[in-house]
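Student: Starting from two chains that each stand alone, build the complex the way the hints lay out.
Here the protein sequences come in this chain order: D and U.
Note that the first sequence covers residues 0 to 278 in numbering that gives the first Met the number 0.
Note that the second sequence covers residues 0 to 154 in numbering that gives the first Met the number 0.
Any given hint might turn out to be false.
Derived lysine-lysine pairs resembling BS3-like cross-links, with alpha carbons at most 25 Å apart [unchecked claim]:
hint, chain 1, residue 1, chain 2, residue 2
1, D, K196, U, K127
2, D, K196, D, K224
3, D, K224, U, K63
4, D, K241, D, K224
5, U, K44, U, K114
6, U, K63, U, K44
FYI, nobody ran anything at the bench for these hints, they're computed from the structure.
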Amino acid sequence: MNQMNSNPMLPRSFAINRVLKETYDTFTLDLAPAQRHTGFSFAAGQFNMLYVFGVGEIPISISGDPNDPGRLVHTTRAVGTVTKVMDKLKLGDQLGVRGPYGTSWPVAEAAGHDVVIVTGGIGLAPLRPAMYELLSHREKFGSVVLLYGARTPEDILYKREVKKWRSEFDLNVHVTVDRAAGGWRGNVGVVTAMVPKAPFDPYHTIALVCGPEIMIRFTVMELRKRGVPDDKIYVSMERNMKCGIGLCGHCQVGANFVCKDGPVFRYDRIKNLLEIREV
Amino acid sequence: MENLRAYLAEHAFLQGLKSEHLDLLVGCAENVRFDPGEFVFREGKTAERFYMVRHGNISLEIFKPGHGPIAIETIGEGELLGWSWLVPPYLWNFDARCLDLTRALALDGACLRQKCEDDHDLGYEIVKRFSSIISQRLQATRLQLLDIYGNGGKR
Ligand SMILES: Cc1cc2nc3c(=O)[nH]c(=O)nc-3n(C[C@H](O)[C@H](O)[C@H](O)COP(=O)(O)OP(=O)(O)OC[C@H]3O[C@@H](n4cnc5c(N)ncnc54)[C@H](O)[C@@H]3O)c2cc1C
Ligand code: FES
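Only chain U is shown next, with the shape it has when bound in the complex (with noise of 0.2 Å):
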């Protein structure tokens, strides 16, 4: 437990939590392993957890009939990975491959959920810093689609 806290303090996602939402956390949280090409969840299933990175790389995948995984999105150390556990109907939208062996922190959905309505100032902290990061990916797509380095669809 002790070791559990530690990372989740260490962890860029959480910094400058206070201690007692840290706390609460602790009891949410769970220590993960995955070996290298191992799902961490597959699009459309349900989303139960979100994890924070340690180490390791995610290659989040969108399935394209006809030529495969297409990546879209590496998730690497120090950041965080899903946000459907957040949103009804709880369904993830991608699948997320380990690219290498990765070690992570799995949050429980449901678990946090509780919490934040029990503590709406933890719930406030807790949508804050998604926020700022959805915001981030949503910026970072919007640069994806504009395919800046394209030739005007002439390839």
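Chain D with its partners taken away, still in its complex shape (with noise of 0.2 Å):
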């Protein structure tokens, strides 16, 4: 939090020094601090505020690499208000943010164990960082093993790198798509029909996952059926945000503020909160 003002509530101006249109409707935004570059320390499954001036604030997840905290990245999907009007943002624009706020995926406590990650539309960008981390220092853990799903080839986020971890030896990536027009030679179907083949040992396996509510509670499910814990699942929730740091109670699930004791959460201590019913 040593980037923080003193008044937490009051963004910092940031310049965007990068644009990127990973899908249609999906853009990727590097940002660099307007006055004195500091870098910004954070870790993998955090999220700051972004505020579009005289639009509005809305949270986004850090999507870029915690070992290089001169690049603060976000990718953001264009869906209402907010989001819409940051897509036509152009290069030297400016942004204001507060944070990195809330809780981590548990990459360190990971270490001696497979890794599987299950996520699906813009889910991915949460756990790039994570996805970092694990590369990064690949000897320290098992297995490590990608799925992820999307709405069809062409909402694919981060197709280049995701084709590089493809084709990496000791990664396990796959990729689905819920449908296909011609020409795709990929896997169709849903990202939760992956979990039962995936190649990893249930008994020794922290998860990790992210995407749309229904499918977290799907994917849990699945990684039950195998085996996995409780306590070695690990789900990011997403829910309205205003101060993001525990003061307003915006993001109030039961006892849980999602800005502070989240967004990652533990499944054991959520779990009667992603309450399972069939679809």
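Tutor: Printed below as a string of structure tokens:
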């Protein structure tokens, strides 16, 4: 939190120094502090409150490399008021940033275990920093498996990077889409269906799950069927936020504030909030 | 025949099946191979067989006029392709096209239906295994239909 101003609700100004169109509705912005370049330390899984001046402030996960604090990266999907204006911002435009906030993926705790990451859609963005961490200390982990689901081949995020990960001999990367028109030679089907066949030892695995809540519920069900204990499953939850620092109660779920106690939760601690029902 | 029996016993779909039931299945089974791009079956044609995939990947596709084929599911190694042989009017609902060189065990539907009629223990075992797969696929299809990554149809 050393980056924060004395007033935690006051954003710092950052300038956009790179814009990357990822898919038709998703874009990545690299940010640099408008004044002094101090770097931006964060842990994989944390988020920032991004303020589009005059429009509004929203929580967005940091999707860059924690080992490269010089580049502050966010990948955002344009869905509504703030994100659609953000999508129109250009090189040199400014954004307000507060953060980093929230809990992180238990990458250090996963040492000595297999790691299985199950994610869908924009859910890969908050998990990319965890992938970077796993890769930079690859020798500390057993099997590293990434199961990634997207709506169609055109919706696959970080295509070049995912392709590169797929070609690494010590990573198991499986991508699936819900549907595909001609030309796609990859897998079609839901990402949850990949869990039963994925190469990891369920009794020595840490699972990191992020995506739409329905996907999370069904993924957890499949992980448990394989025998992964509840306290080895971590999920990231999304709730509407205002303050981002546990003051306003906007993001409260049960006894938890998603902004402060989450967004990354150990599954056994919040399982009653992610009630499993049949679709 | 010995080879065929070993392949059947190895396949995930028949794990734990009683030896005498495996013996019965051998008589209905055949080793098959398909080249990449080759169709295993086409929509509307009679479903005479089902397939236990040993290697390769098969794309289940539906033809959408004006769009061409839309892939809705991939069936891979250790999985099972087709249950239309089990339910009248025994017609395929989709096209099944191989994505790469595919080896499978093909089981003759009429032959198996007869064996299941003659031996209800075998019949129950087969139907139990198919029901489990059908229910998994139904659940997956429901998730696909929910379009969970979609943007409320705003695309
Ligand atoms: C901790 C946390 C981390 C997040 N990280 C990211 C991230 O890395 N990248 C990212 O793109 N988003 C992320 N989100 C979600 C993001 O905060 C919301 O998409 C954003 O607040 C929407 O704001 P808006 O003003 O554009 O949309 P609004 O105007 O508030 O909403 C407009 C419409 O979009 C729909 N909508 C809102 N949120 C979503 C959503 N998440 N998915 C689909 N439809 C939605 C609403 O139902 C509504 O119909 C995160 C959320 C949380 C809580
Ligand atoms: S957003 Fe205010 S308490 Fe969490």
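Student: Hint by hint, say whether it matches the structure.
Tutor: The hints, checked one at a time:
1. D:K196 x U:K127: holds (21 Å)
2. D:K196 x D:K224: holds (12 Å)
3. D:K224 x U:K63: violated (36 Å)
4. D:K241 x D:K224: violated (37 Å)
5. U:K44 x U:K114: Satisfied, since the Cα-Cα distance of roughly 23 Å is no more than 25 Å.
6. U:K63 x U:K44: Holds: U:K63 and U:K44 sit about 17 Å apart, inside 25 Å.
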